Amino acid sequence: MATEVAEHLEVHRHPEPTNFWTKYIFSIDHKVIGIQYIILAIVAVFVGMALSLLVRLRLVWPDKPIEILGTLFPVGAPEGVMTPEFYLAMLTMHGTMMVFMVLTTAPQGGFGNYILPIQIGAADMAFPTLNMLSFWTTFVSFVTLCAAFFVQGGAPIAGWTAYPPLSALDEATIGGYGQDLWLLSIAFFCIGSLLGALNFIVTTLQLRAKGLTMMRLPLTVWTWFVTAILGLLAFGVLLSAGVLLLMDRLGGTSFFIPGGLLVNDIPIDHTGGSPILWQHLFWFFGHPEVYIAILPGMGVTSHILATFARKPVFGYKAMVYAVVAIGALGFVVWGHHMFVSGMSPYSGFVFSVLTMCIGVPSAIKTFNWIGTLWGGKIRFTTPMLYSIGFVSLFVTGGISGIFLGQPSVDLFFHDTYFVVAHFHLIMGVAAIFGMFAGVAFWFPKFFGRMMSEGMGKVHFWLTFLGVYAIFGPMHYLGVIAHPRRYAETTSVDYLGAAGANEIHYFVTMAAMITVTVQCLFLINVVWSLFKGKRVTSDNPWEATTLEWVTATPPAHDNFEGRIPTVNHGPYEFSVPGAPRDYVMQCNAPDAAPARKSGE
Amino acid sequence: MALLLAVLIWIVAVGLAYPFIVDTWPLPDTITEHARQVDAQYRLTLWVTGIIFLLAQLALGYAVFKFGRNRPGAAAHVRGNERWEILWTTAATVLFVGLTFMGYTVWAEARFTESANRAPDEDRTIVEVVGQQFVWNMRYPGADGKFGPTKIELVDDALGNPLGVDRDHPDGKDDIVVPRMAVPVNRQVELQLKSKDVLHNYFVPELRIKLDTVPGITGTLRFTPDKIGTYEIVCSELCGLGHYKMRSFLEVKTQEDYDQWLVAQAEFLEQ
Ligand code: HEM
Ligand SMILES: [Cu+2]
Ligand SMILES: [Cu+2]
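These protein sequence lines are chains B and D, in that order. The first sequence maps to residues 954 to 1552 in the numbering used here. The second sequence maps to residues 28 to 298 in the numbering used here.
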């Protein structure tokens, strides 16, 4: 094994680039690619937030003119008043932007790319050129998606789930090329993600440093690894589904369009397809996708909680098994998105039981996070605050899943704001807190400077309160049966009567404040790049894993040819008898006094 | 810092749970036995998850508070605790899976419509519900109790035939098509859900049920309303730009009022 690793090393060491283009743009260095993914996500998240503000504004003031909108979007917002189709277009693009371009890029392609090879003691990813291709394919996907705003007909209105026949038939919408571009974008995205997934899997299996057994991997690496497996199995399905739908739209096929439709009094000459088929394919991808978004955040959280509680991760093995269980179960619960589609009630029941089973490893993770804090000596750094915030948000978002996983209760809550609250808390903000934590934690390694703790803390307090203020009340909207994807509340009497407008008003206010607060994060990043306190050590957080033994920022080949040997588990904090309160993975075997067997 | 964070977590958790506890925004009214069973299942889930939620958030805050203050000595070098881990894994499994099994009969009630011991009532009221962008049409079979065939070519909104019912067919002659739904109280209703174009979803909050109307497929829902009144039917599956205004009404009437209503509709059809 040892010689094998050494050979790989030679293979994967590539000469340092000498010109700007190969160094920063078409780089094959995993570190540069990681940063590129993160920048892409930051751009996308600000676009996505701007879109969400438009959505929130229209919900509260459906017919109030906003002059600048009229100038920017003469069709979508004539005289500044957003049309219902404009609302849906913004909503669709918001969801797509966030789910794909943010939650599926930075956590895996960004942090995973940068950190994983270093944490396992590799000089780069297994396939550096493929890595570059993944990023640029994803970039093309992003550009294609943005183009949908500007084509005839504007952005698509069928939601991020793009259910046909609405998404398949131009007769049912204002038509145009928006939906086609959306599908193309998704197809590119799937390809980019598939390439990336392959790379992550091979790298993790093949390029680990000597002594780094699977059960010594940091939990971050475990989650990136399992995420990659999920991606490999899920994106292929979405890719095929997307291509089929594109064929239905452009090629006259009928995979998802049944016969005998009459849309807007126009007879449709498709026949024989099934709209439900799309739902199966989409959610076969879609449920694993939600874990693709959150697993890396879980890994980062476990990692950071241990580091700043100065304690080993509580139940490391259980954490690993839980991640694997979530990954496996994640492929057999997709039907819980379809309880109301008219599926056989027997299938519904099976999906329900399996869904509840997936709640169990999620609960294990939560308890173990609290267990990690218990008995620790907590250091309240900014990354730690974000990680503690993550745990709180994950609990809140996960709890509502227990309601939705029961078909009897879901028959009421499905497609209401209750679901919107659920998935935003657990997938949206929890995952984003994972990213905030990741940025704050690894920033000193990336750039050799610390981020401002002051700005970071203010940002944390305001954002933590802000996201609860936005998404908490959405549960109540669900309880009063407010359907989602409604451009306004005016056409249903019970909504206004039950107080929906007041809740919407509160949420919109909270959203405007919270979105503004996010500028503070951006300012902190930029300010710290130039003015942040320079790190005085390669290991400013006194952490244990391999990224903290490399130079800061790491050299082109990460370890300058001296790959460390791993002698310890990933979270050896506060080992009794050790000279310091942490033992790094690469420290000499006797750095930590031998433990009794059974450990 | 420790105290501040702990208190913040507690405030947020209790603040979020409080309106659920005092029912600030109550669920809509219930008009079927089934809806009340759903509510019972919902309340049970609320209790179970509510307790887990509060305990978890309180424990998180407490850990932050207790172990975040300066104290002498090192952090405990604890790698886990098998007993506790087994305990909470078992507890979570039993509770979560248990909830699904407890909700099983409620789910069966709503959807296992074909099973032998749940044979539909003989005297049920059958209504066909057809979604289209962005209106609902309800069809009653008329005196003969049979729906006539429909043809796309016959669809003509101006002529009052939005579904394309073949009026020359003996079964179709007396079919009544209306934009609102009326049903008699305390008798089983069977809905046959269809769509002309895209997906829609038939949702009446007071029934606690929703079902997609899928083009090409007929979905079935049965319920027995026991409260007279008018309730809103809202579309709950994104169907296009008018999704938010795709609404109709479900009127639950006394048997007499319902019969009169039917007669009036039939007379209207004659004209
Ligand atoms: C405790 C574990 C969980 C359970 C039992 C659960 C259950 C459910 C169920 C049953 C639905 C469908 C609700 C409906 O549409 O009526 C749902 C929706 C959703 N869940 Fe979860 N969930 C869990 C965890 C997660 C996690 C960890 C994520 C993401 C990181 C997530 C993201 C989503 C998303 C995005 C949707 C909505 C998709 C849409 O309709 O647009 N869930 N969840
Ligand atoms: Cu799911
Ligand atoms: Cu509709």
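These are computed hints drawn from the structure, not numbers from a lab. Be aware that a few hints might be false.
As the list claims (entries may be wrong) - Cβ-to-Cβ under 8 Å is the rule here; a few derived chain B residues that face chain D:
{"no.": "1", "residue": "Leu1041"}
{"no.": "2", "residue": "Gly1112"}
{"no.": "3", "residue": "Trp1113"}
{"no.": "4", "residue": "Pro1118"}
{"no.": "5", "residue": "Gly1268"}
{"no.": "6", "residue": "Ser1294"}
{"no.": "7", "residue": "Pro1298"}
{"no.": "8", "residue": "Phe1302"}
{"no.": "9", "residue": "Val1303"}
{"no.": "10", "residue": "Phe1333"}
{"no.": "11", "residue": "Ile1355"}
{"no.": "12", "residue": "Val1528"}
{"no.": "13", "residue": "Pro1529"}
{"no.": "14", "residue": "Arg1533"}
Said to hold, decoys possible - In silico DMTMM-like links for lysine to aspartate or glutamate, alpha-carbon gap of 20 Å or less:
{"no.": "15", "chain 1": "D", "residue 1": "Lys173", "chain 2": "D", "residue 2": "Glu149"}
{"no.": "16", "chain 1": "D", "residue 1": "Lys254", "chain 2": "D", "residue 2": "Asp56"}
{"no.": "17", "chain 1": "D", "residue 1": "Lys254", "chain 2": "D", "residue 2": "Glu60"}
{"no.": "18", "chain 1": "D", "residue 1": "Lys200", "chain 2": "D", "residue 2": "Asp171"}
{"no.": "19", "chain 1": "D", "residue 1": "Lys280", "chain 2": "D", "residue 2": "Glu259"}
{"no.": "20", "chain 1": "D", "residue 1": "Lys200", "chain 2": "D", "residue 2": "Asp286"}
{"no.": "21", "chain 1": "B", "residue 1": "Lys1270", "chain 2": "D", "residue 2": "Glu109"}
{"no.": "22", "chain 1": "B", "residue 1": "Lys1017", "chain 2": "B", "residue 2": "Glu1495"}
{"no.": "23", "chain 1": "D", "residue 1": "Lys254", "chain 2": "D", "residue 2": "Glu217"}
{"no.": "24", "chain 1": "D", "residue 1": "Lys178", "chain 2": "D", "residue 2": "Asp193"}
{"no.": "25", "chain 1": "D", "residue 1": "Lys173", "chain 2": "D", "residue 2": "Glu297"}
{"no.": "26", "chain 1": "D", "residue 1": "Lys254", "chain 2": "D", "residue 2": "Glu278"}
{"no.": "27", "chain 1": "D", "residue 1": "Lys178", "chain 2": "B", "residue 2": "Asp1218"}
{"no.": "28", "chain 1": "D", "residue 1": "Lys272", "chain 2": "B", "residue 2": "Asp1446"}
{"no.": "29", "chain 1": "B", "residue 1": "Lys1270", "chain 2": "D", "residue 2": "Glu112"}
{"no.": "30", "chain 1": "D", "residue 1": "Lys272", "chain 2": "B", "residue 2": "Glu1038"}
{"no.": "31", "chain 1": "D", "residue 1": "Lys272", "chain 2": "B", "residue 2": "Asp1510"}
{"no.": "32", "chain 1": "D", "residue 1": "Lys280", "chain 2": "D", "residue 2": "Asp253"}
{"no.": "33", "chain 1": "D", "residue 1": "Lys272", "chain 2": "B", "residue 2": "Glu1513"}
{"no.": "34", "chain 1": "B", "residue 1": "Lys1163", "chain 2": "B", "residue 2": "Glu1513"}
{"no.": "35", "chain 1": "D", "residue 1": "Lys200", "chain 2": "D", "residue 2": "Glu180"}
{"no.": "36", "chain 1": "D", "residue 1": "Lys178", "chain 2": "B", "residue 2": "Glu1038"}
{"no.": "37", "chain 1": "B", "residue 1": "Lys1163", "chain 2": "B", "residue 2": "Asp1510"}
{"no.": "38", "chain 1": "D", "residue 1": "Lys254", "chain 2": "D", "residue 2": "Asp284"}
Everything numeric in this text was worked out from a predicted model, so none of it was measured. Note that beta-carbon positions come from the ideal geometry of N, C-alpha and C, so glycine has one too.
- Minimum Cβ distance from Ser1294 (chain B) to chain D below 8 Å? Where the cut-off is 8 Å and the nearest Cβ of chain D is about 5 Å from Ser1294 (chain B), the hint holds.
- Restraint check for Lys1270 (chain B) with Glu109 (chain D), where alpha carbons must lie at most 20 Å apart: Given that 20 Å is the threshold and the Cα spacing comes to 11 Å, the pair holds.
- Message: Checking one constraint from the list: CA of Lys280 (chain D) to CA of Glu259 (chain D), max 20 Å. Satisfied?
- Response: holds, 14 Å
- Query: At a threshold of 8 Å, is the proposed contact between Phe1302 (chain B) and chain D supported by beta-carbon distances?
  - Reply: holds, 7 Å
- Item | Restraint check for Lys178 (chain D) with Asp193 (chain D), where alpha carbons must lie at most 20 Å apart | Within the cut-off at roughly 7 Å; holds.
- Task: For the pair supplied as a hint, Lys272 (chain D) and Asp1446 (chain B), confirm whether the alpha-carbon distance does not exceed 20 Å.
- Result: This hinted pair holds, its Cα atoms lying about 11 Å apart.
- Query: Keeping to a limit of 20 Å between CA atoms, is the pair of Lys272 (chain D) and Glu1513 (chain B) held or broken?
  - Reply: Given pair Lys272 (chain D), Glu1513 (chain B) is violated - Cα atoms ~64 Å apart, limit 20 Å.
- Item | Satisfaction of hint between Glu1038 (chain B) and Lys178 (chain D), Cα-Cα up to 20 Å | violated, 31 Å
- Item | Given hint Asp171 (chain D) paired with Lys200 (chain D) - CA-CA distance at most 20 Å | holds, 10 Å
- Is the hint on Gly1268 (chain B) kept, meaning its closest Cβ partner in chain D is under 8 Å away? holds, 4 Å
- Message: Hinted pair, alpha-carbon criterion (20 Å max): Lys272 (chain D), Asp1510 (chain B). Please report holds or violated.
- Response: violated, 60 Å
- Could you check if Phe1333 (chain B) really has its C-beta closer than 8 Å to a C-beta on chain D? holds, 5 Å
Going through the hint list in order, the structure does not satisfy hints 3, 9, 14, 22, 31, 33 and 36.
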